[in-house]
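S.K.: Spelled out from the first residue to the last, the chains are:
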Amino acid sequence: MNDLAQLKVPGPIYEPLNAHFWQGAADGVLKIQNCVDCGAYVFYPRPICPHCWADALTWVRASGAATLKSFSVIHKPGHPGWAPVAPYVVGLVELAEGPTMLSHILTNARTPTVGATLAFAPTDIGGRVLPCFTLSEEINQ
Amino acid sequence: MRHLSPRAAISGIGELTPQRRTEDVATMDMLMRVSAEAIADAGLAPSEVDGLLVGPQVGETPQHVPAAVAEYFGMQPTMANMVDLGGASGPGMIWRAAAAIAAGQCETVLCVLGNHRNPVAPRSPNRNPAREFDTPFGASGANTSYALLMQAHMARYGCKPEDYAALAAGSRANAQFNPAAIFHGAPASVDDVLASPMIASPLHLFEIVMPVAGGEAVIVTTAERAAKGPHRSVHLLGAGEKVTHRAVSQAPDLTSGPLKPSIARALGQAGMDVAQVDFLSFYDCYTIMLAATIEDAGLCAPGKFGQWLRDNGGMGSDARQPINTHGGQLGFGQPDLAGGMTHVVEAVRQIRGDTPGRQIAGCNTALVTGNGATMSEAVALVLGGAS
Ligand SMILES: [Zn+2]
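In order, the protein sequence lines correspond to chains D and Z.
Note that the first sequence ends on residue 1086 in my numbering; no numbers are left out.
Note that the second sequence ends on residue 383 in my numbering; no numbers are left out.
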């Protein structure tokens, strides 16, 4: 995966609200928000809870367990900086806590399927460690 | 058929022929040319237009867009606004125009969209959640979003690549009857579609719209005034709109979109069942969008669009319920935000009986849809010809 680290591609836009998310990944931890009032887990980061609008969001460590809701093998990337590693896979990742995020999927040359089990896999993309996922070694349902 | 008494009608249309490239033209120039065509088509003078609806202009006019366009056109409208619903902007303008007329703020509204394709496309700085949380992972652009929607649809319902490809082939076939279409003279079979390069699985190149320069304009006025115009009036019988999300990861449902309630509301206002509609003018940025819309319109059960299309006898003007006779955007080309308005313009032409070579016999009603972002901004319209 050294290829990914060498890419010249647009990275995250860092700001105080999302710092926990990106810094957490760099530290090897998946962090999302949780509402103390209504209990909902929230992705992407918000200033207040988008479910109940309480000013009660805290940062928690997510389990990293997830399933693949959908995926695409990208042959012609939308940004030319990704061309050196095409084809590659991106997917919609449904976290065990509930929210869905989009991420880069490491397949280890296996073919992904909708519903596959994923594991959190922090990965260097373009010199920054991002919260990616990998197809789990377990037998997928 | 029970129609609500229509207050507003479409009395004029204008359309610029799609072009792959332009040189040194400004968006304003294109907007003014296509607007002049629509105003003349309605049999009006520009001074009779007192309402203006425009779309966003990325890079050219970041703010005060309606005032900038009005000034350029030499107009001083009593209602001016920008509709920013992506591909749903055009249809979204039509009911807003009718609502402004019903509110007594204006009588005749110009709805206009257009874009150039000069070599360097200006881009404004982009700071939204899709840029912040999708792009760093290698997902940028609409192709990825609709590929994810299509993969989910295939996985859930077991539809085959040929089913989706048949929609692209049908659109190309319809384009052979529209000399203005970018793919006029370039038909494509289902095999051709499936043999075209894979862009983002499961989407092939021919299942994705071709970006073009172009422009579309529509005049909406009172039913009374439209009746005095040179063409058969096309009444707005019903409308529905819904916006659910922006980034594809936040979609509440990957296989059905906000067009479902929008279409239901529009048909309800018109007092019609979808099976009664003469012409289906459905937004088609990708094959999956057209497939999902056929299902969300209630024409068939979810996952059954392929069989429905075969039973319908394809998409042409002789089909049971013809779809996108101008070629759709898949066959006509997508003039950026004006692409959604092509579906309104073709519906008006069909209801007027003004589509030589592709006219639907006895076309009196149309269901028009617009769609923006990631199957997340939806507008549906029911249009009906004056009797
Ligand atoms: Zn809450």
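A portion of the hints provided could be inaccurate.
[To be verified] Label pairs and their computed distance ranges (CB to CB):
#: 1; chain 1: Z; residue 1: A99; chain 2: D; residue 2: A950; range: 55 to 61 Å
#: 2; chain 1: D; residue 1: T1058; chain 2: Z; residue 2: D307; range: 16 to 22 Å
#: 3; chain 1: Z; residue 1: P175; chain 2: D; residue 2: A1028; range: 47 to 53 Å
#: 4; chain 1: D; residue 1: G1060; chain 2: Z; residue 2: R316; range: 47 to 53 Å
#: 5; chain 1: Z; residue 1: A182; chain 2: D; residue 2: I958; range: 28 to 34 Å
#: 6; chain 1: D; residue 1: I958; chain 2: Z; residue 2: V21; range: 42 to 48 Å
#: 7; chain 1: Z; residue 1: E19; chain 2: D; residue 2: A1028; range: 27 to 33 Å
#: 8; chain 1: Z; residue 1: V21; chain 2: D; residue 2: A1001; range: 39 to 45 Å
#: 9; chain 1: Z; residue 1: P58; chain 2: D; residue 2: A950; range: 35 to 41 Å
#: 10; chain 1: Z; residue 1: E44; chain 2: D; residue 2: G1060; range: 46 to 52 Å
#: 11; chain 1: Z; residue 1: R152; chain 2: D; residue 2: C997; range: 44 to 50 Å
#: 12; chain 1: D; residue 1: A1028; chain 2: Z; residue 2: R316; range: 55 to 61 Å
#: 13; chain 1: D; residue 1: P961; chain 2: Z; residue 2: G100; range: 43 to 49 Å
#: 14; chain 1: Z; residue 1: P58; chain 2: D; residue 2: C997; range: 45 to 51 Å
The hints are simulated quantities; they were obtained by calculation from the structure and are not laboratory data.
Given the structure is predicted, the values throughout are model-derived calculations rather than measurements.
All C-beta atoms in this analysis are idealised placements derived from N, C-alpha and C, irrespective of residue type, glycine included.
S.K.: Does each hint fit the structure? Answer for all of them.
M.R.: A quick look at each hint next to the structure:
Look at A99/Z against A950/D: about 58 Å separates their beta carbons, and that is inside 55 to 61 Å. Look at T1058/D against D307/Z: about 31 Å separates their beta carbons, and that is not inside 16 to 22 Å. Range check, P175/Z to A1028/D: about 37 Å between beta-carbon atoms, so the 47 to 53 Å window is missed. As the Cβ distance of G1060/D to R316/Z is approximately 36 Å, the hint placing it in 47 to 53 Å is violated.
For A182/Z paired with I958/D, a C-beta distance near 41 Å fails the hint of 28 to 34 Å. The hinted window of 42 to 48 Å between I958/D and V21/Z is violated, with their beta carbons roughly 33 Å apart. For E19/Z paired with A1028/D, a C-beta distance near 28 Å keeps the hint of 27 to 33 Å intact. In this structure, V21/Z and A1001/D break the distance hint of 39 to 45 Å, their C-beta atoms being roughly 53 Å apart.
One distance hint, 35 to 41 Å for the beta-carbon pair P58/Z and A950/D, holds here, with the actual separation near 36 Å. Under the hint 46 to 52 Å, the C-beta atoms of E44/Z and G1060/D, about 59 Å apart, miss the expected range. In this structure the supplied range 44 to 50 Å is violated for R152/Z paired with C997/D, their Cβ-Cβ distance being about 30 Å. Roughly 45 Å separates the CB atoms of A1028/D and R316/Z, a value that falls outside the hinted 55 to 61 Å.
For P961/D and G100/Z, the Cβ-Cβ distance of about 47 Å falls inside the hinted range of 43 to 49 Å, so the restraint holds. Between P58/Z and C997/D the Cβ separation comes to about 34 Å, which falls outside the hinted range of 45 to 51 Å.
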